[in-house]
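Novice: Position chain B against the provided structure of chain A, taking the given hints into account.
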Amino acid sequence: MTLPPPDAPGPGGGAGPVTPAAAREMVRVQHVSKRFSLRHDHSLKQLVFSALQRKKLADTFMALDDVDLTVRAGETVGLIGFNGSGKSTLLKTISGVLFPDEGRVMLRGRVAGLIEVGAGFHPDLSGRENVYLNGAILGMSRQQIDERFDDILAFSEIEQFIDTDVKYYSSGMFLRLAFSVAVHTDPDIFLVDEILSVGDEPFQAKCLERIRELQEAGRTMVVVSHELDMLESLCSRIVVLRGGRIVFDGDPVQAVRTLRES
Amino acid sequence: MTRPAVRGPSRAERAEGWRAPGTDAGWLNPVTERFLLRLLVKKELRVRYRGSVLGMVWSYVKPAVQFVVFYIALGVFLQLSKDTPAYAVYLFSGIVVVNLFGEVFGNATRSITGNAPLVSKIYLPSQLFPWSSMIVALVHFLPQLVVLVVGALLYGWRPSPTSVAAFALGMVILLVFTMGLGLLGAALNAAFRDVENFVDLIVMVATWLSPVLYRIAMVQEAIGGTVLWWLYQLNPLTIVVELFHVAFWRYGPHVVAKVPADPTLTQPGEPFGLWWAGLLIAAATFVVGTVVFERSKRRFAQEL
Chain A
1 MTLPPPDAPG PGGGAGPVTP AAAREMVRVQ HVSKRFSLRH DHSLKQLVFS
51 ALQRKKLADT FMALDDVDLT VRAGETVGLI GFNGSGKSTL LKTISGVLFP
101 DEGRVMLRGR VAGLIEVGAG FHPDLSGREN VYLNGAILGM SRQQIDERFD
151 DILAFSEIEQ FIDTDVKYYS SGMFLRLAFS VAVHTDPDIF LVDEILSVGD
201 EPFQAKCLER IRELQEAGRT MVVVSHELDM LESLCSRIVV LRGGRIVFDG
251 DPVQAVRTLR ES
Chain B
1 MTRPAVRGPS RAERAEGWRA PGTDAGWLNP VTERFLLRLL VKKELRVRYR
51 GSVLGMVWSY VKPAVQFVVF YIALGVFLQL SKDTPAYAVY LFSGIVVVNL
101 FGEVFGNATR SITGNAPLVS KIYLPSQLFP WSSMIVALVH FLPQLVVLVV
151 GALLYGWRPS PTSVAAFALG MVILLVFTMG LGLLGAALNA AFRDVENFVD
201 LIVMVATWLS PVLYRIAMVQ EAIGGTVLWW LYQLNPLTIV VELFHVAFWR
251 YGPHVVAKVP ADPTLTQPGE PFGLWWAGLL IAAATFVVGT VVFERSKRRF
301 AQEL
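Line by line, the protein sequences give chains A and B. If you count the first sequence from 1, position 121 lands on 121 in our numbering, and the numbers rise without skipping. If you count the second sequence from 1, position 211 lands on 211 in our numbering, and the numbers rise without skipping.
Chain A with its partners taken away, still in its complex shape:
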């Protein structure tokens, strides 16, 4: 598939992830805080009892604490941090799955949130049906899926199984198809959570290559991963999160060092 130029001016192309500071802003996260209540039991009984005992119903914890972040067109921003530092919460807030308690998030252009590969896949549907369902969930029109179907199939390399129910797929085949749909959605902003650890080594290399193609075409990306070395080479900027706060925002090499030293 050839990538059409995005509506936002991208970087010079081919020169790697270098972004002029004056590029158009695509994502604005302003003073965003997100509190989670630790209420696990969803029953009325619990609610009534705690009301009677005048006990505070739920403890809360801050998943995001006054986070500010601006992402410009063509940037690839990595989010790193230890488990529970708020990376995925931030990504979900940008994608619109979660809403901030305070502050606000604004976007420009079309977004595809790949929070988890294959989240929209249903085991009882065939590969082909899943491609359509997932494409639609990620915001593609029928016409777009029709046009890109062959590319999606070719990228996944599972042609002969496309009409088999997905429940008979091996986990590798499943991830290949899911990733393939995801990278062919062609949005302006990509939100990626831990999906680059897909499949065997040749397929991983292919995925990375595809991501670099998207970068060169000027797509904006926000990537969450624990694979620090991979992020360091991929990203133009890395943000380090700790306890829901941004503790570093800038040069990838320095960001990875910051996290490793902490």
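Hints listed in this document are in silico derivations from the structure and should not be mistaken for laboratory results. Being a predicted model, the structure only gives us computed values, none of them experimental. Careful, some of the hints might be misleading.
Here are some, though not all, of the chain A residues that point toward chain B, as calculated from beta-carbon distances under 7 angstroms [claimed, not checked]: (1) L107; (2) E116; (3) M230.
Ideal Cβ positions, reconstructed from N, Cα and C, are used throughout, including at glycine.
Specialist: For chain B alone, coordinates are given in the frame of chain A:
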């Protein structure tokens, strides 16, 4: 420390192309996202009958068994069929209404919790889930309707403008009302799973609190003139069931021939009864359901 409150982009910012994530067309989503809605319906139909030999036939079996049991117990043993001409048609036209009500209400209530993996991981307009439940229920309703029409034809009933109008009115009231309840149920069920059991209870009671099995004249005889009688009459399901009776039963030859001898066969306010009240209540329910759903949908992902 003051922070800006939760708000969307200002007018000037919108002009620059900014938008807040997770904003969609609200209650119009089923129209704007037709393609995705169709795929979700297809998925639900496929998944419902996975690994089942009879498949769609099951949607005939349940109402058929229900019908036979009620007919024998009430029509024969309690001898309701003696005073009610074409009792089989009378019974079945009520049963299809209550079945559609139960399936839409029950499935819509479970639609958000049932799609938890999607709702909590990917952004998509969550209105689509209860709506696809309703369309799936309509797909199951269609064969029952065919059986009802064929049965009524066998009893000598012929379609007329009145019956078409009564049927259309009844469907509109039923779907708008039930969809309102379904949206409300879906939103509440995301927070408290007790709601789905409560809904099952309502559906079970609904069969007996509308004139499905017995005739409305018997209710009037028992509680006529009281507040309860008014409440009974204002129950949208009562209104819809009576509209279905007008559509498929009231103007059949068996009933028409017996009316001079038994005036209780006629209905209060013939032919369309309290249709305007039904429409009003349905519209109000729909508005309440939509507003509650729209307000709580932002919390779905974290509550599941």
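Novice: If a hint holds in the structure, say so; if it does not, say that too.
Specialist: Evaluated hints:
Residue-level restraint check for L107(A) holds (minimum Cβ-Cβ distance to chain B is 5 angstroms; threshold 7 angstroms). Satisfaction of the interface hint for E116(A) is found here, the shortest Cβ-Cβ separation to chain B being roughly 5 angstroms, below the 7 angstroms cut-off. For M230(A), the interface hint is violated, since its Cβ never comes within 7 angstroms of a Cβ in chain B; the closest pair sits about 22 angstroms apart.
Taken one by one, the earlier hints fail for this structure only at number 3.
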